[in-house]
Every structure is written in structure tokens, then in C-alpha cells.
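Letter by letter, the chains look like this.
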Amino acid sequence: MSDTRDTGKIRLLRQSGAYWRVTIDLPPLNIFGPANIPQLEEVVSSLEKDDQVKAVVFDSAVEGFFLTHYDFLAKPEDSAKFPVGRTGLQALPDMFARISRAPVVSISLIRGRATGVGSELAPASDMRFASREKAMLSQWEVGAGLVPGGGPMARLRGLIGRGSALEVLLGADDINGDLAELYGYVNRSLPDAELDAFVDRLATRIASFDKQAIADTKRLVNINSLPSDAEIAPEWDAFIASVARPAAQARIRTLFELGLHKPGDVETRLGYDVGRLGSTDEASAASGSSR
Amino acid sequence: MSDTRDTGKIRLLRQSGAYWRVTIDLPPLNIFGPANIPQLEEVVSSLEKDDQVKAVVFDSAVEGFFLTHYDFLAKPEDSAKFPVGRTGLQALPDMFARISRAPVVSISLIRGRATGVGSELAPASDMRFASREKAMLSQWEVGAGLVPGGGPMARLRGLIGRGSALEVLLGADDINGDLAELYGYVNRSLPDAELDAFVDRLATRIASFDKQAIADTKRLVNINSLPSDAEIAPEWDAFIASVARPAAQARIRTLFELGLHKPGDVETRLGYDVGRLGSTDEASAASGSSR
Amino acid sequence: MSDTRDTGKIRLLRQSGAYWRVTIDLPPLNIFGPANIPQLEEVVSSLEKDDQVKAVVFDSAVEGFFLTHYDFLAKPEDSAKFPVGRTGLQALPDMFARISRAPVVSISLIRGRATGVGSELAPASDMRFASREKAMLSQWEVGAGLVPGGGPMARLRGLIGRGSALEVLLGADDINGDLAELYGYVNRSLPDAELDAFVDRLATRIASFDKQAIADTKRLVNINSLPSDAEIAPEWDAFIASVARPAAQARIRTLFELGLHKPGDVETRLGYDVGRLGSTDEASAASGSSR
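Residue numbers (this note's numbering), protein chains in the order written: chain A, -15 to 275; chain B, -15 to 275; chain C, -15 to 275.
What the hints contain is simulated information worked out from the structure, not anything from laboratory work.
Fair warning: there could be bad hints in the mix.
Pulled from the structure, derived: some chain C residues nowhere near chain A, Cβ distances all over 12 angstroms [as the list claims (entries may be wrong)]:
# : residue
1 : Gly17
2 : Pro18
3 : Ala187
4 : Ala231
5 : Asp249
6 : Thr252
No more than 35 angstroms apart at the CA atoms, straight line, and that leaves these computed lysine-lysine pairs for DSBU-like [what the hints assert, rightly or not]:
#  : chain 1 : residue 1 : chain 2 : residue 2
7  : B       : Lys246    : B       : Lys(-7)
8  : B       : Lys118    : A       : Lys118
9  : A       : Lys118    : C       : Lys246
10 : B       : Lys59     : B       : Lys118
11 : C       : Lys246    : C       : Lys59
12 : A       : Lys(-7)   : A       : Lys118
13 : B       : Lys118    : C       : Lys118
14 : C       : Lys118    : C       : Lys33
15 : A       : Lys246    : A       : Lys(-7)
Covered stretches of chain A, going by a simulated chain B footprint (3 or more residues, C-beta under 8 angstroms) [what the hints assert, rightly or not]:
#  : segment
16 : 123 to 131
17 : 207 to 213
The model shown is predicted, which means the values in this text are computed figures rather than measured ones.
Just so you know, even glycine gets a beta-carbon here, dropped at the ideal spot from N, CA and C.
Only chain A is shown next, with the shape it has when bound in the complex (with noise of 0.2 angstroms):
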């Protein structure tokens, strides 16, 4: 399989003015890496500035991904040089808390895997609506070793409450549309051929209501319902020295020999690999004692 990193983009379509599409176009596996980064700070710096847009639905253009896990094969240099963001924070939850803040309405038409990156920018996003047979939301990183980074933790107990958000990032399994629905990690899951046709109808409506009354009345919600800047920061700080750690590195390499990054199980099912790579850092796992 050639690399094709470098082929696919995030992609802007103005439907209208008032009604944009952000198209997620990374084949095979819509991994997210630091070639990206400016693709998608030119999309946030746009919803910013737009004095028309008021709907921005972001989506997919890749068969079973919706946007997954941050590129483990660009080199560190490439994804060290950007520098932090507006908010002060490092590039990546620089732009998911800018879209949360942003004066237009967000919503992540989820199909196929949201992983990492995904399941990051799709809380982030002001509503999610997911497809049910084929919508797939996971926080896998406990599992490798890794501390989320992007902000899952400051959003995810505001979003679907403590307990749902302990499983969700402590359990790190796949969550698919209909315990994301139950959670409230999605608004709703629908029947995949409806989904589209849902999304579209209401980002329409959206679009066509007056942009001041949206923007105010969003940022008065935002009071109180989003994560302040310094609550997401120290998470990257807890990704990055994670990811150094031994425990980690151990299980991406087992990750690598099974398949990662490349088209197959393990990219589609994240969650049941890394409940099977096993423990290496216990020797007493087998010996159990009663008192």
C-alpha cells in the first residue's frame, strides 16, 4: 500500500454563504497529521471571520472513518514546529476551542470511526448526530498507555456527565451509535440513510435563521457549558509526556506488529485491540490473595 498521506485534505464547500461543508479527505484511514494542521486553522480562522457563514457541518469523505488518530509515522519535528494558538494552547486544542466558541453552529455528521482527533472535534463541535449501524466513537488511548490530549476530559464530563465520561475514556472500548445516544456523547444516532438527509435539513434551517440572534444566543449557552482554556491544558501536557513513557511505547509497537496505520482490524477496531495487548508491568497479576 503506497502512502497517501499527502493525497487527501480537509476540504471547504460553501453550500451557500450561510452553509458550509468541511469534508474530512485523508484515504485510506482518515488519520490526522501535522500536514493538516494549517488545512483545518484556515477553516477555524474562516467560521471566525465569516460575516455570512452560520452553519458548518463537518463530515467525511472516507468509507467507515469519520477522522481517527493522529499520524504516529510523521516525523516530531513536523508536528512540534507549530506554534500555540490564539488561546494559548498548542495547535490542535487551539482549534477545537476555537470552534466551540466560534459565532456559528458546529455539527459533526459522524459515520465511521471517530477516534483520538475525532472523538476530540466532535465534542468540541456545537452537536453531533451519528449514524447507527455505522458511527463508532472511541477514546482509545487509555489502552495504549496514552492520556488524551485534545480536551476529552474537560468536555466529556461536562458533555455526558462523570460516570459515562470515566467509561468512555478509563474503559476505552468502541461506542457505537446507540450507547452513544443513550450517553448523550451524541444529540442522536439515525438510521444511516437518514442521516445525511437530517443533517442537511438542519444545517439548512439553521442557515436560514438571522446570524446575530444565533451568535448571541450561543454565546450565552457557552457561559458556564465550556471548559476554560487552563482546564484543557495541562491534558496536553499529560498526552505529551505519556507518550514518552515505556508503558506506552510498548504498546504502540504491539500496535505497529498488528497492523496500525494501515487498512484492516486493527484500525476498524481499535477498542477490542487494545483490551488484548495485556498487562506487561504486573508480575503478580496471577496471584491472587483473599484477606
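Following the hints, complete the assembly by docking chains B and C onto the known chain A.
Only chains B and C this time, still in chain A's reference frame:
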């Protein structure tokens, strides 16, 4: 159709010293106007001061409507004459804030439309039970170019979470009983035939408990689960500013042409109609462009 | 029936160094008494200090009961002898607060009644899974004239939202597995036959992950998702004050006459029975008046 706005009222019935019913009886549409402010104020003051009341149920005597939007035909001077309330908030949000803090359990029994004033009273009360077939909740304001003013941004982000709150407020569409239950917008939706008996049983039960145990427990729940008055206050200012804008004036004018304030389709399916007003403020809507 | 309160205990079983089970085995009713405070304290201290444990499951060995109310037959001096805990809170809320913060994932496996102490332990743990057929959660206290004391007002408003928390606490009724799932009171309710395997699989999975990734991620979720000790403290004081009031004394006396503390209807359907104690404190209950 004759103007019936002054023939109805908000009625207080003491089923017992401990169990009160507040019935909104403003036929034909349960539109809330300036004449109803002193009526509701009297109810709220009584709930605060009475030393026997433990449970109060808010319901409607009007088929098809729990309580809907404010009276757009009222003389502005009639609405502006009320002093700010005890909390320092305007009369309407003041009463809602006081219901939330009163040492008595308030239950909204929602049958028919709860729109605007109705969808602000409902989240301000302690619990909400809805008719599965006949309840319809709606924050229609953004669809009419308005910003809601009575506290729903501050209340809904806490009650139903940021994602659902943004959908309810920015989608501005009608939410039926089942969806309201899924989002936690009501505690539960029940078959219409069972709703009255369910609520009556619950209110009777609570009315048999000890008032101080109720009041102390509710006071401890209130900590950090109610928005402060300072969070609610800016919503009213944003609402007043929005009413004066051309975008709202044009939309409300069109809604009147379609039948607002009269029995008929617009009042019973407001979510649908605000979605087809169309955008009058963008010339470029038809010109999509791709980068 | 013989007094079996001292024959059972809270048992700690280390299935492995990383996966512990804490089994409440206080037949016949899993009533929690002063003798169990040091047992639970030892468990909590071990969870805090052990450097291998990653997942702990709380479950019950007693048919029909996960963990129910405090022992009303205990000598007051036996309950009062415990010093405040490390957090500065009383012994019981202190242990619950420490479980929530411990660097280990705690899971409540709820089969049978979780009432009082049990319905305070459950929300203090990180996740809750319930038997669809056999779980029953209940904050019965207000129905007995009491104010709950172990933190449920502070915890439930965050976990299940204000509307559901007020219903659970002020309705004081039994909540079955399905309703608990709808309200987010438990993460999920599962068919009883599947519950044990589901929880065991999840705990085994988490126990295979890296302890530092777990601890760091949980610590970041804890920010702003746990009530402060200062929010929890007044609940204990309100509980102690309520116990001494005539309204509570009369209701508890009647419950004892009905069979409290003995196997039988009252202990298995406490929500039902507190609802038929009736109000002894209002002479005017029968005299309805209308204005």
C-alpha cells in the same frame, strides 16, 4: 375571533394545604400577557410564604397548549410597567428564579405546547412530566430572529447538557415527548392517559412528607445546580435588543401574516413555520463556492 | 430472627494485584453499621496506597440487597466514636469522597437494593452497572422525614442533572434498573444473567492497562466533576439535625412497627412504604380552597 386575552387567568387551587395546583387557563392559546404577571406573582409569593404547601403542580386547562409565547399584541407600556423583582431580575425571569428556589416541590405537567414562556417555566420548575402524544416543547425564538430572554440558555445547559441545549435553542424546532425524555428536557414522557394520575400520585406522595426535610434537601440540591441571577440577567437584555432588530421585526410580521396569535397552524406548529420563513438577509445564499 | 449484624463483613478479594473485588456480605439485609466503618476504611486506604491495583468492583454476597441503609439499632455512641476522616469530613462521607479521588477505577455492580448508604456508595464510585431485573436504587430519606447525609445531593445533581436528582431525592421512591439507566443514575442496566460477565470483562480490561495512564486520566476528569468537600459537609449536619426532629422520629417508629430492620416487605419495598406513612403534621390537609 374575539380577543379573549382578558377572560382567562392563572388559577390557584389548593387541593389541600400541602398540595396546590396552578392551572393556566388563558383560552384559546395560553398566550401569556402582562395581565398574567401579577397573577403569577401572587402564586409565587404564596409558594414562598406559605408554611404548609409542599408540592405544586403547574398544568393547563386549555386543549393543545401548556403555556406558549408572550403576547406580541400587548401594549409595550403594559409590559414595561412592572418593576424589577426581588432578585433584581425583570418580572418574568424573577418569578422563574424564585420558583426554582422556593421551599416547595414544583412539577410541570406538560400537555400541549410549551413554547417561549412555557418552555421557560418548565425548566424553572423542579420536575417535568410530559404527555408522550400531546406534549411539544419548543424554544422557537432564534427561528424568529429573537434571543430567548427568560433564562433558558442558563437553565438548559445545566439541565440537558450543552449539546442538546444548543440543538434545542439554535435548531428552534418542536421537541416531542419522546425526544424530550431522551434529552432529559423532561424527567419522563408518559402515555397521555396515564400522565394525570402519575403526577397526582407523585404530588400527593410528596405532600405527605415533612416540609422541613423537603426544604432542606432541595436547598442542598440547589447549590451549584441553579444558575445565578447574574447568569440569567443578560438573557433579558439580549432578548429586548433582539426584538428591535429588523431581522426579528420582519420575521414576526410574516408570522402574523401566517396566523400568529390565532388558533391554527402557526401556533400549533411554530417550529415548522419558523423554518420556512427563509433568510431575507443574505444575497449570496445561492452562490456556493469551493476552495 | 437472630441478630446477624456482627457475623458478616465487607470482604476484600484480590483477584489479581491489579483487579480487586470488595464484596458486601452483611446478611440478611446488608444493613451498614458502625462495625463496618473500619472494614470499609481499610479497603479505601488500601485502594489509595497500593501501587498495583487499577480496578475495583463493589458487589454484594446477599440476595436482594446491594447495600442498604444505616443501622438504626446501633448504639449512638458506637456510631459517634469515629474521628473525622482525612478530608475533614465525617467517617462515612470521608470514605466516599476518597473513593471518588483514588487513582483506581471503581465500579459498582448493583444487584438488589441500593438504599441510603448503598445509594451513596454507588454515585461515589466511578461507574455503576445495574441488574435490569434485580436492581433497585433509592434515596428513601425524605420519605422518612430525614435529609440524606452522605453526599447524594452534591453528587446526584452532577451525575443525573437537577431535574432527575430532585425527583430521586424528593420523590424518595424506588428506581428500577431501566429508569436508572434513562436518568444516568447508572451507566447501563443489563440483563441480570449478563451483568456479572460484563463487569468482570470491563474490570479485567481496565486492569490490563497502564496504572499511570489511568490515574492521570481520572485525575483530569475529576477537575470540576466532583463536588468539593465543602459542598458535601453540610449534608451530614442536615442529616444529624433531621434525625432528632419529631417528624423523623414518628416516621421511623412507624417503619419499625411495619418491619424495618427485618427481612420482609418494608426492607424490600421501602419506597412504597414511606409513601403510605401519611402526613401527621397538618390538620388542614382536607380543607381545599380556591381563589
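Agreement of C/Lys246 and C/Lys59 with the hint, judged by alpha carbon distance not exceeding 35 angstroms: It holds: about 18 angstroms lies between the C-alpha atoms, which stays within 35 angstroms.
Given as non-interface: C/Ala231, partner chain A, CB spacing beyond 12 angstroms: With a cut-off of 12 angstroms, C/Ala231 remains clear of chain A, as the shortest Cβ separation is near 33 angstroms.
Non-interface label on C/Gly17, tested against every C-beta of chain A at 12 angstroms: 20 angstroms, holds
Pair hint C/Lys118 and C/Lys33, alpha-carbon separation not exceeding 35 angstroms: 34 angstroms, holds
Residues of the segment 207 to 213 of chain A with Cβ under 8 angstroms from chain B, three needed, outcome: Since three or more residues must qualify, the claim that chain B covers the segment 207 to 213 of chain A holds, with 4 doing so at under 8 angstroms.
35 angstroms Cα cutoff - pair B/Lys118, A/Lys118: 33 angstroms, holds
Chain A versus C/Thr252 - minimum CB to CB distance exceeding 12 angstroms, so not interface: 26 angstroms, holds
C/Asp249 non-interfacial with respect to chain A [C-beta, more than 12 angstroms]: Non-interface label on C/Asp249 holds, nearest chain A Cβ at 31 angstroms vs cutoff 12 angstroms.
Pair hint A/Lys(-7) and A/Lys118, alpha-carbon separation not exceeding 35 angstroms: With a Cα-Cα distance of about 22 angstroms, the restraint between A/Lys(-7) and A/Lys118 holds, given a limit of 35 angstroms.
A/Lys118 paired with C/Lys246 [C-alpha distance capped at 35 angstroms]: 52 angstroms, violated
Residues of the segment 123 to 131 of chain A with Cβ under 8 angstroms from chain B, three needed, outcome: violated (count 0)
Status of the stated non-contact between C/Pro18 and chain A (beta carbon gap over 12 angstroms): 20 angstroms, holds
In this structure, the hints that do not hold are numbers 3, 9, 16, in rising order.
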